[in-house]
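So the protein lines, in turn, are chains S and R.
Residue numbers for the first sequence, in our numbering: 50 to 140.
Residue numbers for the second sequence, in our numbering: 153 to 643.
Be a bit skeptical, because a hint or two may be false.
Rough simulated footprint, nothing fancy, chain R against chain S, three-plus residues with beta-carbon under 8 angstroms [what the hints assert, rightly or not]:
1. 78–84
2. 103–110
3. 124–133
Take a look, some chain R residues computed to stay more than 10 angstroms from chain S by CB distance [said to hold, decoys possible]:
4. Gly-157
5. Arg-219
6. Gln-280
7. Leu-294
8. Leu-352
9. Asp-378
10. Thr-429
11. Arg-452
12. Gln-458
13. Ser-526
14. Leu-564
15. Ala-595
16. Glu-606
17. Pro-613
It should be emphasised that the hints constitute simulated quantities derived from the structure, not laboratory data.
All C-beta atoms, glycine included, are put in the ideal place defined by N, C-alpha and C.
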Amino acid sequence: MAGDRFFVTVFARDRAALRQLADFDLDLFQATAQAGDEGEEPRIEGLLSLEEIGRLVEAGYRVAVEATESSRSRAAEQVVHLEDFLKSMGM
Amino acid sequence: MPPTGYLSTAAIEACVQFIAGNFPAIATLIPLREHSVEGRAIHAVRIANGGGANRRGVLLIAGVHAREIVNPDALVTLALKLCQAYTDGTGLSFGGKNYSAEQIALIVDALDVVVLPLVNPDGRTFVQSPAGQAMWRKNRALNPGQPCRGVDLNRNFDFLWSSGIGTSSSSCSDVFKGPSAFSEPETRNVRHLLDDYPNLGYFIDVHSYSELVLYPWGDDDNQTTDPSQNFQNPVYNGQRGVVGAGYREYIPAFDLDWYLITGARIRDAIADVRGRTYTLQQSIGLYPTSGTSDDYAYSRTFVDSQKRKVRGFTLETGQEFQPIPTEGQQIIDEVGAGLVEFLLAALCAVEQAARLTDQTRSLTGLRRVRDRASTTSGAARRYLEMAERHSGELASLLATDEALLTDVGAALQKLSSLVSSPDKTLDQKLTAILDELGTRLAALASDALREDIETVQRELPDLTGRTLDQIVGDSPEAAKPPTTKGRRNIR
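Make a model of the complete structure from these sequences and hints.
Okay, here's the thing in structure tokens:
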């Protein structure tokens, strides 16, 4: 499951196209949206499946794949319990 | 040695209880009214030395979105460090940013700091479970009759919830707003805290990621000139959040100034930790939203004027949801510095002086004057903005100079007599007292504060002979800049 999705950057031709991405109802990280300086494409980061990437490419967006989902999933690695946390805080 | 991973849900809950149990003089456990969807008990902790209605309250929350793994750890770390530093009489350091023991004492002595580190424990448990999904965002609501689980808690607050701006009605969406505003126990818990602690006037919701300091509003661009264009006005339904529709959301100019001043302080404190400069910007960014926590908190006073104004920010920390733990520790330091700076900004030097000199009965009248001044464009509003800009420093100076504090208390008593006697004017004697206090403060102050104090001192002669109404009011006399003619240096 985790391997099926990818962290991506989606590039749009202009700001209007970037806003229209909201209509696709995808897992795009709104806080990462950038209008882009002069000469730069507006962009946003997200977590998409291959099928979703295909839909965006077909709709005229450029999608750069940055990483697999699993490579940035660290929540379950080395879960810290209270005793270890307090020890690390000098208590 | 810092932790080499992230706290489990159980460890966060246990840590909150540990803080309350180990620092009973200043930390109080707050059991939240509702359990999570999956039945987990949730606790906040209130950190304060003392009580009473005149204390300002600050609410700090995190863990609304499950996959944003660093922020609950950051809040329990800050709560623990704050209690430990206060108890030991020490300062706090976050990378290159340091706060003195006096500043920490001031925060705990003057404020009610309510910390809710993990709003969404079910989501975090799912994210940390080998059988779960590391990138799950929502809570774990069952959504009966619908195909997918979970509600986006940060689209479930009662701010333009029914508008659908930036949200989805599909349960499978990551921005599913839920079946109704506050349909989820986790968002209702935040509302309960704001209701149950009516002195809460400051709020930060810590999210990830993108290194942003965000201020309201999130539904449309801000404007400060047309109060009728506001989120409650049905005439504009359908126009909000639509590019080119001509609608912009009203925010009082004084509030916007406060957000810009305070947001810059938070940003700069974060930058001092290790040089990462967060961007301060309005929440809307490129995508309008509704149902978010910070807009809800701030909107409450506009919906019901009996409710205290709650000024809220959202922090977007770091550059990914689940950074490697060493990077996570740096982010925890950044959050610590940004939030301590926010706590200092929440301090009010006037309230501090009134509290410490037994002048709290003067506060009600002075608050009325403050609230009125904040809606004008007169000199008093500029003075208020100066006070907001330097709140932490002013409070620190008063806390460390007893003689100065006593004299400020006496001046407050005299000023409050102007409030109770509307025809009374600011006489030369009181002007001279204020000028003398200004000189003493300036001698101890930073360059920026000294500059502002000197500005006020230069303008004092022009205020002499005026009633409080004339000083605060929006009359041309009050609003006009002081003239050179007739100004004298009364020092």
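Do the hints match the structure? See the list:
1. 78–84: Three-residue rule met by the stretch 78–84 of chain S, so holds; n is 7.
2. 103–110: violated (count 0)
3. 124–133: That given contact holds, which follows from 9 residues of the stretch 124–133 of chain S lying within Cβ reach (below 8 angstroms) of chain R.
4. Gly-157: violated (3 angstroms)
5. Arg-219: violated (7 angstroms)
6. Gln-280: Check fails; 5 angstroms does not lie beyond 10 angstroms.
7. Leu-294: holds (20 angstroms)
8. Leu-352: It holds; Leu-352 (chain R) is separated from chain S by about 25 angstroms at its closest Cβ, greater than 10 angstroms.
9. Asp-378: holds (24 angstroms)
10. Thr-429: Non-interface label on Thr-429 (chain R) holds, nearest chain S Cβ at 15 angstroms vs cutoff 10 angstroms.
11. Arg-452: holds (24 angstroms)
12. Gln-458: holds (33 angstroms)
13. Ser-526: holds (30 angstroms)
14. Leu-564: holds (41 angstroms)
15. Ala-595: holds (39 angstroms)
16. Glu-606: Fine: 40 angstroms to the nearest Cβ keeps Glu-606 (chain R) off the interface.
17. Pro-613: Since the minimum Cβ distance to chain S is about 49 angstroms, Pro-613 (chain R) lies beyond 10 angstroms and the statement holds.
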